[in-house]
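Chemist: The hints should help you fit chain B onto chain A, whose structure is shown.
Here is what each chain is made of, one letter per residue.
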Amino acid sequence: MAAYVNRCSNLLVFIFILSVFLFVDSQQTTPVNEQHTNTADNPQPAAESATQTAEEGRWEATEVDEAALGDSAADKLGVRASDTFVLTPTPQPKDDFQEELVIRPLHSGDIYASFQFRTLWETDFMRENKVSHYRLFPKSLGQVISKFSVRELHISFTQGYWRTMQWGQPFLPSPPGAELWVWFQDSVTDVDAAWKELTNVLSGIFCASLNFIDSTNTVQPSASFKPLGIVNETDHRFLRYATLPREIVCTENLTPWKKLLPCGSKAGLAVLLKSEKLFHSSFFSQTVHIRPVCQDRECKTTSWELRQTLNVVFDLHTSGQGKREWSLFKMFSRTLTEACPLASSSKIYIDVTDNPQEEYFELSPATPLLSQAVVLGDRRTFSVYDLTQQVTFGTVRSLNLLIRWKSTEGDMLRPLLHAERYVAGYGLQTGEIHTVMYNNHPFRSFPVLLLDSVPWYLRLYIHTLTVTSKGKDNTPSYIHYQPSKDRMRPHLLEMLVQLPPHSVTEVTVQFERALLKWTEYTPDPNHGFYVGSSVISALVPSSVAMDTNITQEQPLFSSFFPCKEESSYFVRVYTEPLLVNLPTPDFSMPYNVICLTCTVVAVGYGSLYNLLTRSFQIEEPNPRLAKKIANFIRRIRGVPLLS
Amino acid sequence: MAAPLTLLLVVAVTIRAALYRSSLAEVIAERVEVVSPITAWKRVIEGLALLDLGVSPYSGDVFHETPLVIYLFHFLVDYAEITFMLADVISAIALYLAVKEYNKQVVRKKQKFALEADRYPQDCLELIRSPKEMLYIPLKVAMFYLLNPFTILSCVAKSTCGLNNAPQIITPHCFKISFAVFLCLATYQSIYPLTLCAPAMLYLMQRQYIPVNYRRASFWWFVVQYLFMYLGSLFVLICLSFFLLGSWDYLPSVYGFILSVPDLTPNIGLFWYFFAEMFEHFRLFFLCVFQINVFFYTVPLSIKLKDHPVFLMFMQLAVISIFKSYPTVGDIALYMALLPVWSHLHRFLRNIFLVSCVLLACSVLFPVLWHLWIYAGSANSNFYYAITLLFNVAQILLVSDYFYAFLRREHHLIHGLYLKKKDGSEATLVLK
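Chains A and B supply the protein sequences, listed in that same order.
If you number the first sequence the way full-length UniProt numbering does, the last residue is 643 and the count never jumps.
If you number the second sequence the way full-length UniProt numbering does, the last residue is 432 and the count never jumps.
Chain A with its partners taken away, still in its complex shape (with noise of 0.2 Å):
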């Protein structure tokens, strides 16, 4: 007993002096750490709303506690006097984070994970007076939303290919490379200047080439991406789009972006991310979303909501080593031992719906918790672990999810929408893209909408589009086609598309490819061009009622797009990316062209010059030199000269 109160004590002390550490580097931090102390002190089984009252209650009285045991150090005052300042006249900042992580088991055998992590934060960056006290929200992203009045921002980076009939749909669908797209305010009135600016400082933020977005590659879809938070206008004037297919998701982009999480990668859910293992997937894709949300049914109240999403898929079948199991840390070579302390709700997510009785995979160690949630159209089983209980880690303090496979077989339910892309015809001259989107619901037909950015060095001929289903025209109803300036702008296409019931439809559309400056090219000009993702956007008929109350309490991941009728949901869904050829010149010789060409037209010059300012002469032919110094000397000699 005495060894277990000591043992206690000590380790009070090293909290203690770690939380006094901690409100030096940021003084947010460090009442929840204290409160956190206290969880854990005494951990509490009650249901977990009620925890959530307690916990904020504690939280508020520690942060008192903080203030009235005041601190030696002179240059903490102004920090807290700051903090007081602001805290005294407006009320208590109300935010809230959750982290999640769900774990879905492929047929392919290959494992997704998606992490989520939201903050909710009830505040107004728009208002006169900055917003300059931030606690969980990520300060570089706060000041960006106010600076460039940003109403929505949606950035991804994304390595690999999602395969959607292998994989089926991805909580969250992102397209290959990089994707930037941005509501402004009404407010702002030059557009292009703020996201020239804005595209600038994302750039900066996360360590990625998004300044090489321009004019060139942003476009303003009219129906394709609306905003996905309040809406009250949709003016697609303060709408820009851009994707950079050829952008390289690194460790670069994933270290910023855990920056922007509450507690980094030290605690929680985010420990597990690892570079050296994510980045050895087959699939990697991280995001930033910003948008402003209701708190209510009502919408009575409004709060930035900042969710940030990771998922990969892990290829484990042929790196396992032939043995048909993962775990955590087989997946990215962490356990966990502690839900992030500032997390509202921190829980794994696992999906056992196709396996109700373990006939499937052995899922250890195993958890009572289950939970059902409709995601995509379907309703879907998961077993729940509940980092912020102490049972969930067991008596080892440390959480090994492991799946054993047992058998593998299994069919995956075939995703109703999913298409396909690729570049038709032979030679380096013209060529056709070929959007293929399959309708795979029996009896169903839905719309939807394609959106296709293509660079101006594709000359795309809208005469020549053709949208064919089942060996029929089938003419679109709505075509939105912005054609290219050179050196200026994107084309863009944008229609509405009726796909038939079990079917295929194919949009092909003919291009031609143009020769461009020999400093346009990239510094492999053989390799090609990029041709970002084509995006298709539609409400897919669902078997099971959807939620439409968006403000209920549910998994992160199954609400992120808001739904707004029970019989269908939201998918998008992204093309492959495409590679073009274009024909290129001989870049070893700029210097050869300009003379042999100066000369040709100098011959044009030269001969037309010499036929206007010459006449007509009788040659007389000129004597020879040595006749000539002969008569030369003759001369001086006064003898007659030669003829």
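Simulated from the structure, these hints should not be mistaken for laboratory data.
Nothing here was measured: the structure is a model prediction, and the numbers come from that model.
Warning: the hint list may mix true and false statements.
[Claimed, not checked] Pair ranges (Cβ atoms, derived):
1) B:Leu240 to A:Thr189: 32 to 42 Å
2) B:Asn293 to A:Gly638: 37 to 47 Å
3) B:Ser247 to A:Glu420: 19 to 29 Å
4) A:Cys595 to B:Leu240: 26 to 36 Å
5) A:Thr468 to B:Asn380: 36 to 46 Å
6) B:Phe285 to A:Ile618: 34 to 44 Å
[Claimed, not checked] Listed below are several chain A residues computed to face chain B (Cβ distance under 10 Å; list not exhaustive):
7) Thr123
8) Arg127
9) Pro292
10) Asp586
11) Tyr591
We put the beta carbon where it would ideally sit given N, CA and C, even for glycine.
Modeler: Just chain B now, kept in the frame of chain A:
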């Protein structure tokens, strides 16, 4: 003469109609030698499709024809083949009549007058053309135009070049007012025929016996009158286009496009590879040099050839088709059609054999090297570029050879054919 001409027209139309029905038409319509970004039929269709979608055809960078063309085809798009054949036929008839008129003028007025006045030296009689040998020249010209493979290709590809050629050809056939109207129509279509103003004025003055003498008031009065009509009709056309589309967008999209050469699609001209390989900071300078080059020859040529406006026109057409920014074979066909008019110069041509061989060889090599570069991948752009260079050198040599021969004949007509040196031995002529 009507029967052979009719026969010729029937043959020409038959060939074109047969080619339209064959699978070759599609291949030809894609050839970069035959269609340029301005004249391609595909782009005209695209412009019409954009209009149908409610998008201004000039908001993008695909359509570069003038608003009148798009409105013409708005109504005639289903009869495009007939329109293009008709344009060729009208051009040929206009050429036929114009050359006939010109020959009559040469024989009746100039030669007869000079012979009667005994102005020509005795030994020059063999240089003088008899009306009999000139009888078939108009028919030959029409034949050169209609049966020239270049014209046929450009008609089968439905290149609007054929339409641009028509007003240029009709020009010398008409009276003063319609003269100005057609010339300005040609200018409106593609800026460059602006330089044809000079020969047109000289031609009209010659017909009205107004001496080309800048000290005379009548000369200046005529120039002012003519320019007024020309600029007036140009103004009307431009305003008409504005009212058709309701915006000035077409000005940068048509004329800016011709002058600033943003589209570097390979063609038979000198611009595309040069500006693809150009250093960015020299681009504007060389662009100015190359564009001025086209207009530059007008003044000296007009001074030198002020008594021979038709030859001056031939020279101008040739210079335009060689040095313009987006040349096609249709432009070449236009000045080549006039070659039979100068058949009496053949004895003075120096390297016609070599030049025609080079031109023929190049015409064959264009598609071959294009295939090697674009489809087979076994050659690169330099191959095609080399052929365009050679083709243009050959054209330059051809034109300057004709110019040389023309000047030499004129010289002989004054100084006699068999020139002697002071010592009585046979003399050789040199340019000094």
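Chemist: Give a verdict on every hint.
Modeler: These are the hints, each one checked on the structure:
1. B:Leu240 to A:Thr189: 32 to 42 Å: 37 Å, holds
2. B:Asn293 to A:Gly638: 37 to 47 Å: Between B:Asn293 and A:Gly638, where Cβ atoms are some 56 Å apart, the hint is violated.
3. B:Ser247 to A:Glu420: 19 to 29 Å: Since B:Ser247 and A:Glu420 have Cβ atoms about 40 Å apart, the given range 19 to 29 Å is violated.
4. A:Cys595 to B:Leu240: 26 to 36 Å: The hinted range 26 to 36 Å is violated for A:Cys595 and B:Leu240, with Cβ atoms some 45 Å apart.
5. A:Thr468 to B:Asn380: 36 to 46 Å: 38 Å, holds
6. B:Phe285 to A:Ile618: 34 to 44 Å: 43 Å, holds
7. Thr123: Constraint on A:Thr123 not satisfied, violated at 42 Å.
8. Arg127: Violated, about 40 Å.
9. Pro292: 34 Å, violated
10. Asp586: 5 Å, holds
11. Tyr591: Since the shortest Cβ distance to chain B is 9 Å, the answer is holds.
Of the numbered hints stated above, those contradicted by the structure are hints 2, 3, 4, 7, 8, 9, listed in ascending order.
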